[in-house]
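Visitor: Here is how the chains run, residue by residue.
There are 2 protein chains.
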Amino acid sequence: MEDMILLSHGSGGESTRKLIEEEILKYFGNELLNELYDSSIFETSGRLALTTDSFVISPIFFNGGDIGKLSIYGTINDLSVMGAKPLYLSVGFIIEEGLTLREFREILKSMKLASEECGVKIITGDTKVVEKGKGDKIFINTSGLGIIEEGMDWRGREIKEQDVVIINGGIGEHGLCIMLQRLGIKTDAEVKSDLAPLNSLTLPLLKISSGIKFMRDPTRGGVAGVLNEIAQKYNVEIEVNEESLPIKSWVKSASEILGIDPLYSANEGKVVIIADKKEEEKIMNFLKAHPLGKDAKVIGEVKGKGRRVYLRTRIGTRRILDPLKRDLLPRIC
Amino acid sequence: MEDMILLSHGSGGESTRKLIEEEILKYFGNELLNELYDSSIFETSGRLALTTDSFVISPIFFNGGDIGKLSIYGTINDLSVMGAKPLYLSVGFIIEEGLTLREFREILKSMKLASEECGVKIITGDTKVVEKGKGDKIFINTSGLGIIEEGMDWRGREIKEQDVVIINGGIGEHGLCIMLQRLGIKTDAEVKSDLAPLNSLTLPLLKISSGIKFMRDPTRGGVAGVLNEIAQKYNVEIEVNEESLPIKSWVKSASEILGIDPLYSANEGKVVIIADKKEEEKIMNFLKAHPLGKDAKVIGEVKGKGRRVYLRTRIGTRRILDPLKRDLLPRIC
Chain A
0 MEDMILLSHG SGGESTRKLI EEEILKYFGN ELLNELYDSS IFETSGRLAL
50 TTDSFVISPI FFNGGDIGKL SIYGTINDLS VMGAKPLYLS VGFIIEEGLT
100 LREFREILKS MKLASEECGV KIITGDTKVV EKGKGDKIFI NTSGLGIIEE
150 GMDWRGREIK EQDVVIINGG IGEHGLCIML QRLGIKTDAE VKSDLAPLNS
200 LTLPLLKISS GIKFMRDPTR GGVAGVLNEI AQKYNVEIEV NEESLPIKSW
250 VKSASEILGI DPLYSANEGK VVIIADKKEE EKIMNFLKAH PLGKDAKVIG
300 EVKGKGRRVY LRTRIGTRRI LDPLKRDLLP RIC
Chain B
0 MEDMILLSHG SGGESTRKLI EEEILKYFGN ELLNELYDSS IFETSGRLAL
50 TTDSFVISPI FFNGGDIGKL SIYGTINDLS VMGAKPLYLS VGFIIEEGLT
100 LREFREILKS MKLASEECGV KIITGDTKVV EKGKGDKIFI NTSGLGIIEE
150 GMDWRGREIK EQDVVIINGG IGEHGLCIML QRLGIKTDAE VKSDLAPLNS
200 LTLPLLKISS GIKFMRDPTR GGVAGVLNEI AQKYNVEIEV NEESLPIKSW
250 VKSASEILGI DPLYSANEGK VVIIADKKEE EKIMNFLKAH PLGKDAKVIG
300 EVKGKGRRVY LRTRIGTRRI LDPLKRDLLP RIC
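Chains as they are written, first to last, in numbering that gives the first Met the number 0: chain A, 0 to 332; chain B, 0 to 332.
Chain A extracted, bound-state conformation (with noise of 0.2 Å):
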């Protein structure tokens, strides 16, 4: 039989300690981590920001990633559009009985690589296992901290009439692919998750340009969800113009398959803008070089005051993009 986590990995015991020391510590070691005390300890100081995100996705594997690069890259991601620099990750594996150790190393694998990529150190875990039949597989927590340096912070800067709504890419690609694999649907190649580290190309962004007024990854909700967080939390009205909206087709055609609209649908490696129109230009030509920035559009506008978002359509009539309402997606993060 497959050698696989057992429940005993989880007691704290003489198992938790050989899971830890030959199999988590191989993978993520290093200077900090490997003292395993209660808490790692380091010294900062300034503009700090914290984040945390739980990952269940499934499957555990898809097209273009897999939990474990998913739950580095999110975390990394959260951090990277508030401007901070990550320098520390700590992660929660939370095991279902059952999973193969081959599994598991293939996922500790990814997510060193992924915090390798990013230049982000994983200094403390923790690691539980719970029965078969009260997880599945695996949940990864990983919680993220990153350093905001002087002119990185965007927050505070006015969103206000005529300032534009911009994409670095292709919409709703993670949400979809997740789906469709879920559904055990053939795809070509082409067919993957848009799962990116946003670090490298929203950091040296804010450097370039202080006319960014905000930045949100649009994961869960989408691209829809963001727009109306952004009306709501700053009474602003936001169209955004179909016609423009990046999206693939092999988006297109499962977005008409599975009835479900990419505007919506989940993205893993896309940052939406608010910026100044003034740095329009500036901005665009830094995306457009940029590998995570190729397909970047001007996907819409601030109206003015209001709190909602409007779709300006291709047929040019106007409707609202209302958030989501419905359990649409569970699981796609």
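Source of the hints: derived by calculation from the structure; they are not laboratory data.
Take the hints with a grain of salt, since some may be wrong.
Which copy is meant is left open, so a pair is good if it fits within one copy or across any two.
[To be verified] The calculated EDC-like cross-link candidates involving lysine to aspartate or glutamate, where the alpha carbons are at most 16 Å apart (straight line), are:
id, residue 1, residue 2
1, Lys131, Glu95
2, Lys276, Glu157
3, Lys17, Asp321
4, Lys232, Glu13
5, Lys232, Glu20
6, Lys232, Glu30
7, Lys304, Glu236
8, Lys324, Glu13
9, Lys120, Glu42
10, Lys277, Glu157
11, Lys84, Asp152
12, Lys232, Asp321
13, Lys17, Asp2
14, Lys293, Glu280
15, Lys232, Glu34
16, Lys17, Glu228
Place chain B on chain A using the hints.
Guide: What follows is chain B alone, placed relative to chain A:
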């Protein structure tokens, strides 16, 4: 039908917003959390401590506490034993569809009170919902950030022969209480978890004594587990005196019925302290005067080099006290 958590509450749409704004913020709300940015931003500087823990305890309500209280105190304790004053917490919920809103509110309330008691703020969070049968009511991850003031960092103080091993009170209570409840055994009012936040004990103690060389809360794996970790990490032999172990009489009875040694049973309000022999009296006087230390005992001593823990039994023999080898107590924290 009673109101309950549905998959739509985790979809990132309107129901998620309502759950966050009308339930979670009602209890946890503060100026940092209320912003609902992707990360929470604050200023600090110095020596910081980061820790994380996922809580998967079953049952979620138990004698002496609930999963909410546990998720706050547990992380507070991981900071407190490192000499870190808890500042901020993140909270990640993984809820199984069908948890009643009444239960969820009770947990939120409990977390609110616990965090207020510890003077810590919940500043960022995440909520996921999984299908019925893919989780177990609720799992909670908390990560904690604390600050270590000058003179509070015990790392690097050398553990050597004659150092004393101290515990602040009765051992094994949490684990045995949970096991009794899980088995449906009717118990007296005195049978309860020792769940308590240790910051009010460890932080003042570190201030008055520079002879503290190590502290850890003996949760999973129990006191025997922590002592073995110390023996391994610092290459010392430790001898525990069985006669001196503080064990409540109900713990003794439960231990006999269940066949679980209190030395391997989890604690949630205890700290194992290694201290300089010369400071023993000062430390014991402090502990005895503290509500969480009145049953404190010197339970053993460091015997020199080695990597083993021995138990000096009541009848004078000496046996090896190994770390836990089996899956003794799944899901007790």
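Visitor: If a hint holds in the structure, say so; if it does not, say that too.
Guide: Hint-by-hint comparison with the structure:
1. Lys131 / Glu95: both (6 Å within a copy, 15 Å between copies)
2. Lys276 / Glu157: within (13 Å within a copy, 61 Å between copies)
3. Lys17 / Asp321: Answer is between; shortest inter-copy Cα gap is 14 Å, intra-copy 50 Å.
4. Lys232 / Glu13: Classified as between; 14 Å across copies, 50 Å inside a copy.
5. Lys232 / Glu20: between (46 Å within a copy, 12 Å between copies)
6. Lys232 / Glu30: Cα proximity of lysine 232 and glutamate 30: across copies only (14 Å, versus 42 Å in one copy).
7. Lys304 / Glu236: within (5 Å within a copy, 71 Å between copies)
8. Lys324 / Glu13: between (48 Å within a copy, 5 Å between copies)
9. Lys120 / Glu42: within (14 Å within a copy, 21 Å between copies)
10. Lys277 / Glu157: within (14 Å within a copy, 61 Å between copies)
11. Lys84 / Asp152: within (11 Å within a copy, 27 Å between copies)
12. Lys232 / Asp321: Close inside one copy (15 Å), not across copies (57 Å); limit 16 Å.
13. Lys17 / Asp2: within (14 Å within a copy, 43 Å between copies)
14. Lys293 / Glu280: within (14 Å within a copy, 69 Å between copies)
15. Lys232 / Glu34: between (43 Å within a copy, 9 Å between copies)
16. Lys17 / Glu228: This pair counts as between: shortest inter-copy Cα distance 12 Å, intra-copy 45 Å.
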